[in-house]
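The opening residue of the sequence shown carries number 423 in the working numbering; numbering runs sequentially from there.
No wet-lab data here; the hints were simulated from the structure. No residue lacks a Cβ here, since even glycine has one placed at the ideal position from N, Cα and C. Be aware that one or more of the hints could be misleading.
Claimed, not checked - Have a look at the derived ranges for each label pair, beta carbon to beta carbon:
1. 491 to 459: 35 to 41 Å
2. 436 to 499: 26 to 32 Å
3. 455 to 431: 14 to 20 Å
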Amino acid sequence: MSEMTGLLRCPIEDCPTEADEVDLYDHLADEHERSELVDRLVALASDLPYHRSVECERCGTYGARPGDHPLCADCEAEIGLSP
Numbered sequence: 423m424s425e426m427t428g429l430l431r432c433p434i435e436d437c438p439t440e441a442d443e444v445d446l447y448d449h450l451a452d453e454h455e456r457s458e459l460v461d462r463l464v465a466l467a468s469d470l471p472y473h474r475s476v477e478c479e480r481c482g483t484y485g486a487r488p489g490d491h492p493l494c495a496d497c498e499a500e501i502g503l504s505p
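Let the sequences and hints guide you as you build the complete structure.
In structure tokens form, the structure reads like this:
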């Protein structure tokens, strides 16, 4: 968010658009493809603190990604699932 203007910056990489909340919503809907928005949402999701919110199937610690076989980041790294 731009501090001085109160405008929000478009979350799509390399898009310089800044607008208020209502105009930004319209911009996203009118100017970007749905697949582009979904890709960006998925890319941003890993930065959310609650994306790892279940018990790890392997070591039992809290902080695994929800799914069929939830693993924490350490266990994912140990078995080569994450960078």
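Now for the hints, and whether the structure bears them out:
Between residue 491 and residue 459, the C-beta spacing of about 29 Å breaks the proposed range 35 to 41 Å. Taking the beta carbon of each, residue 436 and residue 499 are about 30 Å apart, inside 26 to 32 Å as hinted. In this structure the supplied range 14 to 20 Å holds for residue 455 paired with residue 431, their Cβ-Cβ distance being about 19 Å.
Hint compliance for this structure: hint 1 is the single one not met.
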